[in-house]
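These protein sequence lines map, in sequence, to chains A and E. So the mapping is simple: the working numbering equals the position in the first sequence, first residue as 1, plus 13. So the mapping is simple: the working numbering equals the position in the second sequence, first residue as 1, plus 1.
The set of hints was computed from the structure by calculation and includes no laboratory data. Hints are supplied without guarantee of correctness; some may be wrong.
[Stated by the list, open to error] Calculated pairs, DSS-like style, for lysine-lysine (alpha carbon to alpha carbon, straight line, at most 27 Å): (1) Lys138(A) with Lys297(E); (2) Lys193(A) with Lys290(A); (3) Lys26(E) with Lys77(A); (4) Lys238(E) with Lys149(E); (5) Lys268(A) with Lys149(E); (6) Lys149(E) with Lys73(A); (7) Lys23(E) with Lys136(A); (8) Lys73(A) with Lys99(A); (9) Lys89(A) with Lys290(A); (10) Lys138(A) with Lys23(E); (11) Lys119(E) with Lys325(A); (12) Lys210(E) with Lys89(A); (13) Lys119(E) with Lys31(A); (14) Lys23(E) with Lys139(A); (15) Lys65(E) with Lys290(A); (16) Lys65(E) with Lys139(A); (17) Lys26(E) with Lys139(A); (18) Lys180(A) with Lys238(E); (19) Lys290(A) with Lys149(E); (20) Lys138(A) with Lys193(A); (21) Lys322(A) with Lys119(E); (22) Lys136(A) with Lys26(E); (23) Lys268(A) with Lys238(E); (24) Lys119(E) with Lys40(A); (25) Lys65(E) with Lys79(E); (26) Lys138(A) with Lys26(E).
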Amino acid sequence: MNGNKKNSPMGLYTSKTKNERFCLAVKRYWQLYLLLLIPIIYILVFHYYPMLGLQLAFKKFNAKEGIWGDSWVGFKYFIKFFNSYKFIEVVRNTFVTSFYAVLAQIPIPIILALSLNAVRGQKFKKAAQLLSYMPHFISTVVIVSMMMQMFNTRSGLVAVIAALFGKVVPDIFASESAFKHLYVWSTVWQSAGWASIIYLAALAGVDPEQHEAAIVDGATRFQRVRYIDFPTVIPTASILIILNMGRVMSLGFEKVYLMQNDLNIAASEIISTYTYKIGLTGNADFSYSTAIGLFNSVINLILILMTNKLSKKLSGSGLF
Amino acid sequence: MAGTKKIEDSSHVLSAKMPIGKEDKIFYFINTLILLAVIVVIAVPIINVIANSFSDGDAVAAGKITFWPVDFSLEGYKAVFEDKYILIGYGNTIFYTVVGTLINVVVTVIAAYPLSRKQLPGRNVIMMLFAFTMIFNGGLIPNFLLVKDLGMYNTRWAMIIPGAISVYNMVICRTFFATNLPDELREAAEVDGCSEFRFFIRMALPLSKAVIAVIALYYAVAHWNAFFNAFIYLTNKNLYPLQLILRDVLISNTVNASDVVSSDSIVNYNLVETLKYSLIMVSCIPIWCVYPFVQKYFVKGVMIGAIKG
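Whole structure, please, built from the sequences with the hints as guidance.
This is the structure we're talking about:
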């Protein structure tokens, strides 16, 4: 290592063949490449190798041969899925629940951030922040159990309070129509505080002079929120909305699965839970499950790429 | 850190010097009401859980508890700590969290540092290799078969290795390295004959303690709350993490938690009701105890993540 080497990266790109450049780079940076070795092997084994496993979607699985068997069946499993009576149901449930969740999660973090930003008492603000971020760290299992306990028709908080007014509550967990509301609003409860951080960051970037000038012009605090703070968070909000739309078909497994029961299953069976049930329970059908999973992954990929492009076009920034 | 500080201070400094008009007084009043409403909505379910967890089983089952324990009792907690599988699950979760986080942090840092170096040839290709995994994956069955083929099925490794690196955390880490380690520093070290390894270990890592704390906390919380891998890959109850035990007791009601307590079936049933709340508390308390002290690190992670690397 000497002072001369410092300039070598630039030298790398002048009048050398690709091979020579490669050798030079390796010689110069071998220690960095060595550091990367384990992560790259890890990514190849645990992320790219399973992608090769997707060929199962076009094959009949054979326990002996694993993913490398050669009993190709073409699009049989995809056609089976499209013709299945479950197809419309799981796609609709996935889309409806997820789309609802995306929409419901927009306004509350924004209002919370604007409100926190306008608070004058710093202790009160800090306490409110501390508390509002807290649900983010509660596990999915606990959130679902808290809900189940709270809506327990006999001893739950909702039933106890309703009883004070002489009312009896129905078993909301057994209700098909209530499933999506339960899912979405518990998610909002859990995520709103955490999601407000990003808007608070945007608000912190507001030039204080803007506020001072507005005050000089006689603007009230509310007018300043409306005409200075609110427009500040809009670009952030639009990027987040667009990017979240991209994930609208990739609704997570855990929470929905834990909330499922025999009575709400018609509304709560989504693609990921159905994939699990086909693949790993009962008469486990690996190939069929892989095909449903692949169908979902491809749609997700297309949606993400589309929304990312849209976001870049509208705001100049996307996920990648 | 500058980012977080700013948020806490900007509006404060400004509004403190300003005289308040009548209209603004109404605004601040309504604003306080909004925040109070948020606080109440968030706190009520949590307070209810706390109150139930300290109440007598009969009172819980009879639906007497709102926000204060009725017939104060520690029976629920006693039952939690007498259940063999809950204790095993607790121990397992601690193990997965500690060992898993350690591996996570090492693998993440050794990936993030080289990728933060703008001069590194091939950096963009490797970065794309990582980033693509965020938007496309093999899915349930291919991953399941891989874990089985590697002999990790139903072993502790299944809880630690398959999620060894989160690309999202890696990007946070990479952004931090790229923006906080001045090129001049490295060039100066190079002139002094410092190798890349040495610079990484002696300079880059000590200067990045903050971001390492951030990602370690993210990974640790994820391990503590992890459910899916255990659910898919473990069948041996002695390897179950706490979350899986919680699910059995709280959601599926499949575990006879009451076995440990008494033979009187009515008492048992009621005790299980309190036990559920106590169990929720016991699983959340470690995070809630640590959380207020490390909250600023969590927030910082969001800030770094928001800057595009």
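These are the hints, each one checked on the structure:
Pair hint Lys138(A) plus Lys297(E) holds up; C-alpha atoms about 14 Å apart against a cutoff of 27 Å. A distance of roughly 20 Å separates the Cα atoms of Lys193(A) and Lys290(A); the hinted pair therefore holds under the 27 Å criterion. Taken as a hint, the Lys26(E) and Lys77(A) pair is broken in the structure, with Cα atoms around 75 Å apart against an allowance of 27 Å. Distance check on the hinted pair: Lys238(E) and Lys149(E) sit about 18 Å apart at the alpha-carbon level, within 27 Å; holds.
Taking the CA atoms of Lys268(A) and Lys149(E), the gap is about 25 Å. The hint holds against a cut of 27 Å. Between the alpha carbons of Lys149(E) and Lys73(A) the distance comes to roughly 19 Å, so the proposed pair stays at or under 27 Å and holds. Distance restraint check for Lys23(E) and Lys136(A): the Cα-Cα separation of roughly 23 Å lies within the 27 Å cut-off, and the hinted pair is therefore satisfied. With a CA separation close to 21 Å, the supplied pair Lys73(A) and Lys99(A) stays within the 27 Å bound.
In summary, the hint linking Lys89(A) to Lys290(A) is supported, as the alpha carbons are separated by about 19 Å, within the 27 Å threshold. Simply put, Lys138(A) and Lys23(E) have alpha-carbon atoms about 22 Å apart, close enough for the 27 Å limit, and the pair holds. This hinted pair checks out: Lys119(E) and Lys325(A) have alpha carbons roughly 23 Å apart, not beyond 27 Å. This hinted pair does not check out: Lys210(E) and Lys89(A) have alpha carbons roughly 53 Å apart, beyond 27 Å.
Between Lys119(E) and Lys31(A) the CA atoms are separated by roughly 19 Å; this keeps the pair inside 27 Å, and the hint holds. With a C-alpha separation of about 26 Å, the suggested pairing of Lys23(E) with Lys139(A) holds against the 27 Å cut-off. Between the alpha carbons of Lys65(E) and Lys290(A) the distance comes to roughly 39 Å, so the proposed pair goes past 27 Å and is violated. Using a Cα cut-off of 27 Å, the hinted pair Lys65(E) and Lys139(A) is violated, with the two alpha carbons roughly 33 Å apart.
At roughly 21 Å between alpha-carbon atoms, Lys26(E) and Lys139(A) fall within 27 Å of each other, so this suggested pair holds. With a CA separation close to 42 Å, the supplied pair Lys180(A) and Lys238(E) exceeds the 27 Å bound. In summary, the hint linking Lys290(A) to Lys149(E) is supported, as the alpha carbons are separated by about 18 Å, within the 27 Å threshold. This hinted pair does not check out: Lys138(A) and Lys193(A) have alpha carbons roughly 32 Å apart, beyond 27 Å.
About 25 Å separates the Cα atoms of Lys322(A) and Lys119(E), which keeps this hinted pair within 27 Å; it holds. Of the supplied pair hints, the one linking Lys136(A) and Lys26(E) holds, its CA atoms being roughly 19 Å apart against a limit of 27 Å. At roughly 22 Å between alpha-carbon atoms, Lys268(A) and Lys238(E) fall within 27 Å of each other, so this suggested pair holds. A threshold of 27 Å between alpha carbons decides the hint, and for Lys119(E) with Lys40(A) the separation of about 17 Å falls inside it, so the pair holds.
For the hint pairing Lys65(E) with Lys79(E), the CA-to-CA distance comes to about 21 Å; that is within 27 Å, so the pair holds. For the hint linking Lys138(A) to Lys26(E), the alpha-carbon distance of about 17 Å falls within 27 Å, and the restraint holds.
The structure fails to meet hints 3, 12, 15, 16, 18 and 20 from the earlier list, while all remaining hints are met.
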